[in-house]
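> Now for the letters of each chain:
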Amino acid sequence: MSEAPLLDARDVRVEIGGTPILHGADLAVAAGELVAVVGPNGAGKSTLARAVAGLQKTVGGSVRWSGEDIARLRGRRLARLRAFVPQRPRVPAGVTVRDAARIGRSPHVGPLQRMTRADHEAVERALARAGADQFAERALTTLSGGELQRVQIAVALAQEAPVLIADEPTAHLDLGATAGLARLLRGLTADGLAVILVVHDLALAAAVADRVVVMADGRSVATGSPEEVLHPERIAAVWRVDAALERDAEGRTALRVGWLEDLRASFVRVP
Amino acid sequence: MTLRLSLVVSLAAAALAAAAAASMTLGAVHIPLQQVLDALTGAADPGPLRKIVLDLRLPRTVEALSVGAALGTAGALLQAALANPLASPDVIGVTGGAGFGAILILLVFPSSIALLPLGALLFGLLAAAIVFVVAWSGPNPGGIGRLILAGIAISALFAAGMSTLMALHPDRVPSAIFFLVGGLTTSGWSQMSVVWPYLAAGFVLAAVLVRPLDRLALGDDVAAALGARPRLIRLGAGVAAALLAASAAALAGLVTFVGLFIPHVVRLAAGTASNWFVVPASALCGAALLLAGDTLARTVMAPIELPVGPLMVVLGVPLFLWLLRRAV
Chain A
1 MSEAPLLDAR DVRVEIGGTP ILHGADLAVA AGELVAVVGP NGAGKSTLAR AVAGLQKTVG
61 GSVRWSGEDI ARLRGRRLAR LRAFVPQRPR VPAGVTVRDA ARIGRSPHVG PLQRMTRADH
121 EAVERALARA GADQFAERAL TTLSGGELQR VQIAVALAQE APVLIADEPT AHLDLGATAG
181 LARLLRGLTA DGLAVILVVH DLALAAAVAD RVVVMADGRS VATGSPEEVL HPERIAAVWR
241 VDAALERDAE GRTALRVGWL EDLRASFVRV P
Chain B
1 MTLRLSLVVS LAAAALAAAA AASMTLGAVH IPLQQVLDAL TGAADPGPLR KIVLDLRLPR
61 TVEALSVGAA LGTAGALLQA ALANPLASPD VIGVTGGAGF GAILILLVFP SSIALLPLGA
121 LLFGLLAAAI VFVVAWSGPN PGGIGRLILA GIAISALFAA GMSTLMALHP DRVPSAIFFL
181 VGGLTTSGWS QMSVVWPYLA AGFVLAAVLV RPLDRLALGD DVAAALGARP RLIRLGAGVA
241 AALLAASAAA LAGLVTFVGL FIPHVVRLAA GTASNWFVVP ASALCGAALL LAGDTLARTV
301 MAPIELPVGP LMVVLGVPLF LWLLRRAV
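Protein chains in written order, with the working numbering: chain A, 1 to 271; chain B, 1 to 328.
Do not rely on the hints blindly, as some may be mistaken.
Claimed, not checked - Interface residues of chain B toward chain A, partial, derived using beta-carbon atoms under 10 Å:
hint : residue
1    : Leu-11
2    : Ala-15
3    : Asn-140
4    : Gly-142
5    : Met-166
6    : Val-204
7    : Asp-214
8    : Leu-216
9    : Leu-218
10   : Asp-220
11   : Ala-225
12   : Leu-226
13   : Gly-271
14   : Ala-273
Because the hints were derived from the structure by calculation, they are not lab data. Just so it is clear, the structure is predicted and the values come from calculations on it, not from any experiment. Built from N, CA and C at the ideal position, the CB exists for glycine as well.
When you get a sec, could you build the whole thing from the sequences and use the hints?
This is the structure we're talking about:
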């Protein structure tokens, strides 16, 4: 691990249309690390991801990429430091998988330049690494949800940025596609990338993440290893559900949920 | 470039060359191609034939291909920038504004008929400017939904103004019909001399925006994450389309549908939506189609000149529907 974290965001505050959405959230990631951002719907997970990525204006706090303030990093320079996979990407007609990955390479290509051979090679590497090279000639409109997510990852990898931020990439995927994507993202950290994964599936977060950041009501309320952070008391306090995370000797994770039970009175609210 | 893309470009270029040859040779006087070429290169003797070629047919040909290229480019730019296959110059209010400007001159100030192209051009740009100001102010500036709705509202406003003028001056309406349905006139270089700077600015801006527009394909978030500025690109594309469509209206009246369907024909024929191909190919195909249409319009029932606007729609719709049925 390097000394300065690739991303160091502190006390990030965001207002949208005058309404405070984030009241103070911290997020940091280092090379080779996978950080999962979890929390209930509306807790500000996506807003935090978009704010640190520079896609959402902040009204307070600091966001530093490799030690440099994000306000000084605009456009293509920022695009070489972090890639962002949005929650709902547009799927245009008449665009192939390879075309899409080439769009991802654009931060390396000047406005009036053409792609060099090195750029084309980077695009092919990204397609292969994301497992999208098998269907590189197909149109985006013909792909399954899981294939589309691999394309989105390939677009991000073509940027060759050291940090990849993915906003709920598994939200609409079946079990097999979710597991495939989890293995891909974990594999990227083994390549040395840092990955920030916004995800609502706690069992998945616990299985893949080195660290978990729990968001609640627009704040980051806890950060640490999945075991430290996702204990039943916190799940009860944040999600208002009686549930416990389990992990077996092989690393399989499961969430045991008392679906129809009221919260036990003994639980106190842990912020 | 793949074989298929090269084929589309070659076919369009050949069609453009054939249409240009037909446009220069055919008419009330048939002028053989060799004499046309002599006149163009300055090798011909001064005389009536040379005058017809240089002062009547050449400006008409240049106008027709400029209008076709401008409408094709404007449609391709807007469909890419608004991520909407229904986008055309009508959507950003240009057509409504230009129509109002022209009708104002034709019906209220008929003695100032020379101002017709300028009136259409300026009111077309004014309408687009109002649409852009509305769409780029307030929260979420430059959002696609607001831009399209503002465009529809402003178009309705100028259309209402236009129909009110027509109701107030019913006796003069026949003089406006040719403009309203869209048609070129043989009037030498006078219109082109007013319009060309706007046309040129539109084409230059379009050329600069071709690659940035491709970065919008995966949505604004991806574009912004890649360091592009989606709203600025969209505004630039809107301004370029407004310049081109207003210039086209000043030259040829309200030729509709061409701007909508040319880019679709290009996409369906070439099988790609990449703007670095679709935008220039739409300019080429638009020029070829409008030039061929205009030549047909002024020769098929000679000496009566048909308006090219409706003829383009009549010829274009079957081609469009045929391609549409084959589309995936």
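> Please go over all the hints and tell whether each is borne out by the structure.
Against the structure, the hints:
1. For Leu-11 (chain B), the interface hint is violated, since its Cβ never comes within 10 Å of a Cβ in chain A; the closest pair sits about 19 Å apart.
2. Because the closest C-beta pair between Ala-15 (chain B) and chain A is about 23 Å apart, greater than 10 Å, the hint is violated.
3. Nearest Cβ of chain A to the Cβ of Asn-140 (chain B): about 9 Å, under the 10 Å cut. The hint holds.
4. Hint status for Gly-142 (chain B) relative to chain A: violated, with the closest Cβ pair at about 15 Å, above 10 Å.
5. With its C-beta approaching chain A no nearer than about 40 Å, Met-166 (chain B) sits outside the 10 Å limit, and its interface hint is violated.
6. Interface hint status for Val-204 (chain B): violated, as the beta-carbon distance to the closest one in chain A is roughly 13 Å, over 10 Å.
7. The interface hint given for Asp-214 (chain B) is met, as the beta carbon of that residue sits about 6 Å from the closest beta carbon of chain A, less than 10 Å.
8. Against a cut-off of 10 Å between C-beta atoms, the interface hint on Leu-216 (chain B) holds, since the closest Cβ of chain A lies about 9 Å away.
9. Checking Leu-218 (chain B) against chain A by beta carbon gives a least distance of about 6 Å; that is within 10 Å, so the hint holds.
10. Using the Cβ-Cβ criterion of 10 Å, the hint placing Asp-220 (chain B) at the interface with chain A is satisfied: the shortest such distance is roughly 8 Å.
11. For Ala-225 (chain B), the interface hint holds, since its Cβ comes within 10 Å of a Cβ in chain A; the closest pair sits about 4 Å apart.
12. Given the 10 Å rule on beta carbons, the hint for Leu-226 (chain B) holds: about 5 Å separates it from the nearest Cβ of chain A.
13. With 10 Å as the threshold, the beta carbon of Gly-271 (chain B) comes within range of chain A, its nearest partner Cβ sitting at about 7 Å, so the hint holds.
14. The beta carbon of Ala-273 (chain B) is positioned within 10 Å of a beta carbon in chain A (closest approach about 3 Å), and the interface hint is therefore held.
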